[in-house]
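Engineer: One line per chain: the protein sequences are A and B, in this order.
For the first sequence, the numbering used here gives the first residue as 1, with consecutive numbering after it.
For the second sequence, the numbering used here gives the first residue as 1001, with consecutive numbering after it.
Be aware that a few hints might be false.
[Stated by the list, open to error] Footprint (simulated), chain A over chain B, 3 or more residues, beta carbon under 8 Å: (1) 1028-1040; (2) 1181-1187; (3) 1241-1251; (4) 1312-1324.
Please keep in mind that the hints were generated in silico from the structure rather than gathered at the bench.
Even for Gly, the Cβ is constructed at its ideal location relative to N, Cα and C.
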Amino acid sequence: MLSLKHDTHRTGVFTRRALLVMGAQAVLLGGVAARLYQMQVVDGERYATLAEGNRISARLMAPPRGRMLDRFGIVLAGNKLNWRALLVAEQTTDLSATLDNFARIVPLADYERARIDREVHRHRRFIPVMVREFLSWGDMAAIEVNAPDLPGIMVDVGTTRIYPFGELFAHVVGYVAPPSEADVADDVALALPGIRVGRAGLEKQHDLDLRGRAGAVQVEVNALGRVIRELDRQEGVPGDELGLAIDTGLQQAVLRRLGNESASAVVLDCRNGEVLAMGTNPSFDPSLFNAGVSQAQWSEWAQDKRTPLLNRATAGVYAPGSTFKMAVAMAALEARIITPGDRVSCSGYIDVGNARFHCWRKGGHGSLDLRGGLKNSCDVFFYETARRIGIDRIAAMAHRFGLGTALEIDLPGARNGFMPTREWRIGQGHPWNLGDTVVSGIGQGYIQVTPLQLATYAARVATGRKVEPHLTRKLAGVLQPGSQPADWPSLGLTERSLHVVREGMWAVVNEPGGTAPLTRLPAARWQMAGKTGSSQVRRVSREQREGGNFDSTKLPWEYRPHALFVAYAPYDAPRYALSVVVEHGNAGAAVAGPIARDIMMDVLQRDPGGRDEKPGAQVAQREAPP
Amino acid sequence: MREGRLWRQPSFDLGSKIWQISWLYVLLLCALAGVGYVALYSAAGGAPEPYASRHVLRFAAGLVLMIGIALVDIRFIARLAWPTYLVSLVLLALVARYGHLGKGAQRWIELGGLQVQPSELMKIALVLVLASWFHRASWERIGNPLFLIPPVIAVLVPVALIVQEPNLGTAVITAALGAAMFFAAGVRWWKFVLLAVPVPFAASLVYSHLHGYQRARIDTFLQPESDPLGAGYNIIQSKIALGSGGMWGKGFLQGTQGHLDFLPEKQTDFIFTTIGEEFGFIGSVTVLALLGLIVIGGMAIALRCRNQFGRLVAFGIAVNFFLYVFVNIAMVMGAIPVGGVPLPLVSHGGSAMITVMIGFGLLMSVHVHRDVAFSEGRNDD
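Work out the full structure, taking the sequences as your base and the hints as a guide.
Structural biologist: Right under this line is the structure:
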């Protein structure tokens, strides 16, 4: 009985404690169920999102950047295959060990390591980061052979931008560079390795057209990032092909003619404003920007007095000098303040108020009408004309011709120049002096124009139409508006006035006694109309002038006057207009004029505006670097 | 009369014994194995091979083994307690020395072409040994501290060996199982407190005597974040898979995480995530309820048994099963650190299945022999 009693007690304890344990188990299982409820029902949506992100990975595929062709289909900016090593941080076990091993095959500089580290941290871990581009076959093979030591490194082929003509089109075509962090924030497709964005020139202007649309593949991936299957594929759209109005052969001729001068020349088709050549000297190699420009290169450019990065044709500003006289003449004729027959007597100077303004010709020109004023480029004639019509009429006419005002040129960074008005000067807190008007009559003083504006001015004088210069001719194979003369409205100037001015320009070149006899075309069938200009960058002092032995060629280079020339041809059926500006070239007639003559001769012989097909003559391609 | 009926000697013919087996309980086990089949079918990407079909075969073999054991007299089983324990201990010692390295720990031993995980066998042996020890103990003797020293040693020696594998998860489960047995046997409350005090010291002592690589394994186990691409990563993926199931789940075979290899060991330790992902909260709670019913059934068998040995054996098996389930599910939910504990009858794996079914066989034997007169002295008296 005792044993039974003990047993009963023991049984009772067991029962109590077993029930206690069961209670504890119930609490624990309940806790598990509650936690499941929390995870699956309360937080279910969040986890579902995580699961989806886990499962589906969107892989973007970089589209090839659109090419740029000249008007005859010659490639000015293209793409070439680029073998590169990429790193997927997610697939490495030890990032620095992988890079150390890689550096043993292809040496990596410290700054490259820093860039890779930065990009790995910037992007999500499955996004490939560029380790090294432009690999040789030898490097490629070495990387493939050593693949087991390089977890996370993969080799693929992308495209890179090439500019077959290098410096020749640097300022027109522009260049591309790796995107900045701000760019990537705007468009995730720019996070793709090897993607470049346009930073200057047409590459920048048409960046979105050229860029195309990144294709996307949605793939199902496992936890290791390995692709299981493709869910969806959206083909990328390659960038649009850009057809330029430029004639490569002409561009080469222009640059050759500019030689070593700091100079620019613009050739337009005067009927439609197409830019056939836009040469700027000195230039630079645009492909240097492709991989990122070194600090040393930057400072070299920054310290160069001749500013190779500046597109002088659109962003260089100069006083137009005597080339401005047609605008003054047109303003006076259209305002009916002078007539073609009105004469002005030039005695070598004119006194306005207390100041004396000199003509370039010491003894004066005598009595001149408008045609004679232009032919001889008589300063006194235009001092007097300007004095009569006032600055505001001059400014209005200059704007109509595209001087000192915005043009619709499709290049970023084009400057507007400047055309002063009475209102502007008063707004600055100064009175407008009559002297300011007088010097404006010969294109000096505050007036600033770009070579592109000068060429446009010549084209507008030649045609009487409001042609706008433009480089883009075709986009994605489609001819853009503006390529027909009828696309451009009339300037609303009377033909009679224009005729007088054109005659004056013809006389400058072709008539004995004109200021630019050297510029007469060496071909009987074509005649050129033109105008010289020499714009002072420094006021000529009284002592220098009266000392009698003033010679601008003896000044230091940067103080010499700029040499300018504007022209169009053929005179009887204007087809091409051009401007030449030679910085510190001294004399328009002696320096800029002959250049303009040679370019015009070249352009008339080529007649690029009359042909759309490929030229018979071969265009020299820049040799590929070794 | 009443007493006589209570202490009736059950008939020992095979037919009535088979009748005595709780077929309802067997049905619950079959249902759980069925859940395992479904989950493994899905884990294989919608195919019976390689997991689900083998799972069924193993369960069938386990079921035969279980029924065989259920028919063995409980008193005979009690006599096998110490021999089983000693064999398990030897195997455990062998695995520490010659065992195969699997998943970063020595857990397995090749025995006649069969992979055996001695730690699993040891848990059953421990239940038997402790049950037989306390079966003989009167209430007074349980109060005597000296009487408790041998069973404490019987628990600590295998736990120490399992820690050295290292398999901390199983070691903790084994220790907890031992503690639960002591508790159910009637060991006074305060003695548990007394026992709990030296545990941290013992743990640090064990840790300091481990080799560097063993410590590293334990460190990784204790801090999954220290190995984010390994264990910590698994937990993150497991939680995502479970949580993304939502209320109703993604549907059978529609789970993505498991199929896409986000989940390592999806067919073994992390099988519950497949259920959670494909059948949602409803599905996982249903499975949880099934597991709970099996635990309750085991406890009910313990409570109904008329002898202390049977009671403690049934209790131990039920607690062991519960610990498996709880640790596994808490692990896949990221509530406790990861540690190779499978979900019994659901996870893929032969050795675990066999030992679990041996356990249920013992449980069923307790049930069949619940009313057997079983003296507290030597059972052949």
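Engineer: Could you run down the list of hints and mark each one as holding or not?
Structural biologist: Going through the hints against the structure:
With 0 residues having a beta carbon nearer than 8 Å to a beta carbon of chain A, the stretch 1028-1040 of chain B misses the requirement of three or more and the stated coverage is violated. Judged by the Cβ-Cβ criterion of 8 Å, the stretch 1181-1187 of chain B is covered by chain A as claimed, because 4 of its residues qualify and three suffice. With a cut-off of 8 Å between beta carbons, the stretch 1241-1251 of chain B has 7 residues touching chain A; three or more are needed, and the interface restraint holds. Counting residues of the stretch 1312-1324 of chain B whose beta-carbon sits less than 8 Å from any beta-carbon of chain A gives 4, enough to reach three: the coverage restraint holds.
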